[in-house]
Amino acid sequence: MLILLAILVSGVAAMLFKARRLNPSMLAAVLGGFLGAYGAVASGEFFEPGSIDWVIRGGVYGICMGGLASLLLSPIGWIGIPAKPSS
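Numbers in our numbering are just positions in the sequence shown, counted from 1, shifted up by 11.
Bear in mind the hints are in silico, worked out from the structure with no lab data behind them.
In this text, a Cβ means the ideal position worked out from N, Cα and C, and glycines have one as well.
Be aware that one or more of the hints could be misleading.
Cβ pair distances, simulated, as ranges [to be verified]:
#1 ARG31 to ASP64: 37 to 47 Å
#2 ARG31 to GLY78: 34 to 44 Å
#3 PHE58 to GLY78: 30 to 40 Å
#4 ARG68 to LYS29: 26 to 36 Å
#5 GLU59 to MET26: 13 to 23 Å
#6 PHE57 to ARG31: 13 to 23 Å
#7 MET26 to LEU82: 33 to 43 Å
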């Protein structure tokens, strides 16, 4: 459920950027949100789930995974593909 929520929030955030014509990469946003949430949840195997240690270290683990994926994929949004193709 948490991973689905992260995907939805990152997708909505990317659509809001598109509404302001900032042309983000939807793929980078959704994949980064997915990997970040998955990394934070999956870190429960390394740290005791529900502990402060899991919140801090698991959150950092998720941020590293999601941030790296978004950073590597974000140039897709910079290559100049228009948000709305002109006809």
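C-beta pair MET26, LEU82: status relative to the range 33 to 43 Å that was hinted: violated, 20 Å
GLY78 and ARG31 - C-beta distance against the hinted 34 to 44 Å: violated, 22 Å
Satisfaction of the hinted span 13 to 23 Å by the C-beta atoms belonging to PHE57 and ARG31: violated, 39 Å
Verdict for GLU59, MET26 (Cβ pair) under range 13 to 23 Å: 37 Å Cβ-Cβ, so the 13 to 23 Å window is violated.
Assessment of proposed distance window 26 to 36 Å (beta carbons of ARG68, LYS29): holds, 34 Å
Distance restraint hint 37 to 47 Å, applied to the beta-carbon atoms of ARG31 and ASP64: Given range 37 to 47 Å: holds, Cβ gap about 39 Å.
Whether the CB-CB distance between PHE58 and GLY78 falls inside 30 to 40 Å: violated, 19 Å
Consistency note: the structure conflicts with the earlier hints numbered 2, 3, 5, 6, 7.
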